[in-house]
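**Student:** Kindly generate the complete structure, drawing on both the sequences and the hints.
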Amino acid sequence: MMFKIYDCDFGIKYNGTTYEFDHVVELQIEDPERNRLTRGVNAKNKIGLAFKDGLREPKRWTIPILNMSLELKNVLDELYRTQNRVECFCIDRNDGSIKIAKDALLSNKPQQLVLDETAETLNVSLEFETFNSEEIHKS
Amino acid sequence: MKIREFKGYEGFRAMQTFCKLVLGLKMIPQYSSFEYLDFLSVIHEMTENDTRLVLREAILLVDLTEDECLSLCVFGSDINGVPYGKVNIKNLTIADSVNVMIEVCLKLSEIKIDALTDDQKKN
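Those protein sequence lines, which keep their order, are chains A and B.
So the first sequence is residues 1 to 139, counted in the numbering used here.
So the second sequence is residues 1 to 123, counted in the numbering used here.
Incorrect hints may appear among the rest.
Stated by the list, open to error - With a straight-line Cα cutoff of 20 Å, these simulated EDC-like cross-link-like pairs (lysine to aspartate or glutamate) come out:
#1 B:K86 - A:D7
#2 B:K86 - A:D31
#3 B:K86 - A:D92
#4 B:K107 - B:E10
#5 A:K13 - A:E57
#6 A:K44 - A:D92
#7 B:K112 - B:E10
#8 B:K90 - A:E20
#9 B:K90 - A:D22
#10 B:K20 - B:E45
#11 B:K86 - A:E20
#12 B:K90 - A:E71
#13 A:K13 - B:E103
#14 B:K2 - B:E48
#15 B:K86 - A:E33
#16 A:K4 - A:D31
#17 A:K4 - A:E57
#18 A:K102 - A:E134
#19 A:K59 - A:E33
#20 B:K90 - A:E87
#21 B:K2 - A:D92
#22 B:K2 - A:E71
#23 B:K90 - B:D50
#24 B:K86 - A:E71
#25 B:K112 - B:E66
#26 A:K4 - A:D95
#27 B:K7 - B:D96
#28 B:K90 - B:E68
#29 B:K90 - A:D9
#30 B:K86 - B:E68
#31 B:K7 - A:E71
#32 B:K20 - B:D50
#33 B:K86 - A:D9
#34 B:K2 - B:E103
These aren't lab readings, by the way, just hints derived from the structure by calculation.
Remember, it's a predicted structure, so these values are computed and weren't measured experimentally.
**Tutor:** Encoded structure:
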């Protein structure tokens with residue numbers, strides 16, 4: 001399943017420091033885990049057997065970040081090279097719910113999307129994968 | 001901690017904040033007998049440790065706006081070498097931010113912008 005969160009605050013915790021980006025336009029989360037049904041080839045069972053599919057695949061977060069400093073891009077490049085794990089979080093500005101991706105791996109080398117107006121900041125697309133995620137909903 | 005080079009408008013804003021700190025400190029009774037430029041010269045001539053103490057006093061006593069604090073902090077950088085800005089400024093504790101501002105101001109205090117030429121000073 002794939003869903004998108006629009007207008008959220010996104011953050012990365014790395015090496016004891018949190019980098020937080022306000023008003024991120026869009027975060028896309030792909031969750032391959034799903035419940036499925038199966039039955040024998042005679043097709044007489046109307047209840048079927050339930051099983052979980054997609055457990056081997058990680059959840060994937062894709063997010064474009066605008067106005068990222070060159071120094072932070074260098075930190076992320078290093079993060080990609082060393083395969084160190086980070087914690088990502090996203091706070092939905094509409095309902096205040098929080099999504100957390102722990103032990104996340106930066107799966108793609110940070111790519112510059114388009115040239116920004118200034119030479120000092122970059123527009124970068126990030127992609128993280130994780131098996132350890134949780135959601136906190138405001139009651 | 002590495003301090004970035006003071007360049008462009010950001011650098012100018014940092015210098016103005018530094019001057020505001022010095023002016024603010026000059027207003028307290030202990031230093032009020034000094035003229036502003038004389039007080040600035042006194043700071044220039046201090047040892048590094050004394051300058052740190054004076055700057056700490058200034059940062060803690062002079063009322064700075066959020067923008068002014070940020071104008072100094074942006075020249076410092078965090079443990080990963082990323083300059084402080086909107087994305088990571090929230091990591092700073094009070095003690096951290098004071099220390100960052102002291103280090104930045106210490107660098108700024110090395111920059112001498114004289115209002116008077118040497119000839120004018122002799123007169």
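**Student:** Hint by hint, note whether the structure agrees.
**Tutor:** Each hint tested on the structure:
1. Under the criterion of a C-alpha separation no larger than 20 Å, the hint pairing B:K86 with A:D7 is consistent with the structure, at around 17 Å.
2. Of the supplied pair hints, the one linking B:K86 and A:D31 is violated, its CA atoms being roughly 31 Å apart against a limit of 20 Å.
3. A C-alpha spacing of about 19 Å is found between B:K86 and A:D92, which places the hinted pair at or below 20 Å, so the restraint holds.
4. Of the pairs offered as hints, the one joining B:K107 and B:E10 holds, with about 14 Å between alpha carbons and a cut-off of 20 Å not exceeded.
5. A hinted pair counts as satisfied when its Cα atoms are at most 20 Å apart, and A:K13 with A:E57 does not qualify at roughly 23 Å.
6. Restraint check for A:K44 and A:D92: not satisfied, since their Cα atoms lie roughly 45 Å apart, outside the 20 Å limit.
7. A C-alpha spacing of about 17 Å is found between B:K112 and B:E10, which places the hinted pair at or below 20 Å, so the restraint holds.
8. Only pairs whose Cα atoms come within 20 Å are accepted, and B:K90 paired with A:E20 is accepted, the gap being roughly 9 Å.
9. For the suggested pair B:K90 and A:D22, the alpha carbons sit about 12 Å apart, so the restraint of at most 20 Å is met.
10. Distance restraint check for B:K20 and B:E45: the Cα-Cα separation of roughly 19 Å lies within the 20 Å cut-off, and the hinted pair is therefore satisfied.
11. Annotation: proposed proximity of B:K86 to A:E20 holds, straight-line Cα distance about 8 Å (limit 20 Å).
12. Between B:K90 and A:E71 the CA atoms are separated by roughly 17 Å; this keeps the pair inside 20 Å, and the hint holds.
13. Note on A:K13 and B:E103: the hinted pairing is violated, with a Cα-Cα distance of about 25 Å set against a maximum of 20 Å.
14. Our distance criterion of 20 Å between C-alpha atoms is met by B:K2 and B:E48, whose separation comes to about 17 Å.
15. Between the alpha carbons of B:K86 and A:E33 the distance comes to roughly 36 Å, so the proposed pair goes past 20 Å and is violated.
16. With a C-alpha separation of about 11 Å, the suggested pairing of A:K4 with A:D31 holds against the 20 Å cut-off.
17. A hinted pair counts as satisfied when its Cα atoms are at most 20 Å apart, and A:K4 with A:E57 qualifies at roughly 19 Å.
18. Our distance criterion of 20 Å between C-alpha atoms is met by A:K102 and A:E134, whose separation comes to about 8 Å.
19. Restraint check: the Cα-Cα separation between A:K59 and A:E33 comes to about 8 Å, which is no more than 20 Å; the hinted pair holds.
20. Proximity of B:K90 to A:E87 is assessed by CA-CA distance (about 17 Å); at most 20 Å being required, the pair is judged to hold.
21. A distance of roughly 35 Å separates the Cα atoms of B:K2 and A:D92; the hinted pair therefore is violated under the 20 Å criterion.
22. For the suggested pair B:K2 and A:E71, the alpha carbons sit about 13 Å apart, so the restraint of at most 20 Å is met.
23. Restraint check for B:K90 and B:D50: not satisfied, since their Cα atoms lie roughly 29 Å apart, outside the 20 Å limit.
24. Under the criterion of a C-alpha separation no larger than 20 Å, the hint pairing B:K86 with A:E71 is consistent with the structure, at around 14 Å.
25. Restraint check: the Cα-Cα separation between B:K112 and B:E66 comes to about 26 Å, which exceeds 20 Å; the hinted pair is violated.
26. A distance of roughly 14 Å separates the Cα atoms of A:K4 and A:D95; the hinted pair therefore holds under the 20 Å criterion.
27. Straight-line distance between C-alpha atoms of B:K7 and B:D96 comes to about 24 Å, which puts the hinted pair past the 20 Å bound.
28. Between B:K90 and B:E68 the alpha-carbon distance is near 15 Å, which keeps this suggested pair within the 20 Å criterion.
29. Using a Cα cut-off of 20 Å, the hinted pair B:K90 and A:D9 holds, with the two alpha carbons roughly 14 Å apart.
30. About 13 Å separates the Cα atoms of B:K86 and B:E68, which keeps this hinted pair within 20 Å; it holds.
31. A hinted pair counts as satisfied when its Cα atoms are at most 20 Å apart, and B:K7 with A:E71 qualifies at roughly 17 Å.
32. For the suggested pair B:K20 and B:D50, the alpha carbons sit about 19 Å apart, so the restraint of at most 20 Å is met.
33. Taking the CA atoms of B:K86 and A:D9, the gap is about 12 Å. The hint holds against a cut of 20 Å.
34. Of the supplied pair hints, the one linking B:K2 and B:E103 holds, its CA atoms being roughly 9 Å apart against a limit of 20 Å.
Hint violations for this structure: numbers 2, 5, 6, 13, 15, 21, 23, 25 and 27, all remaining hints satisfied.
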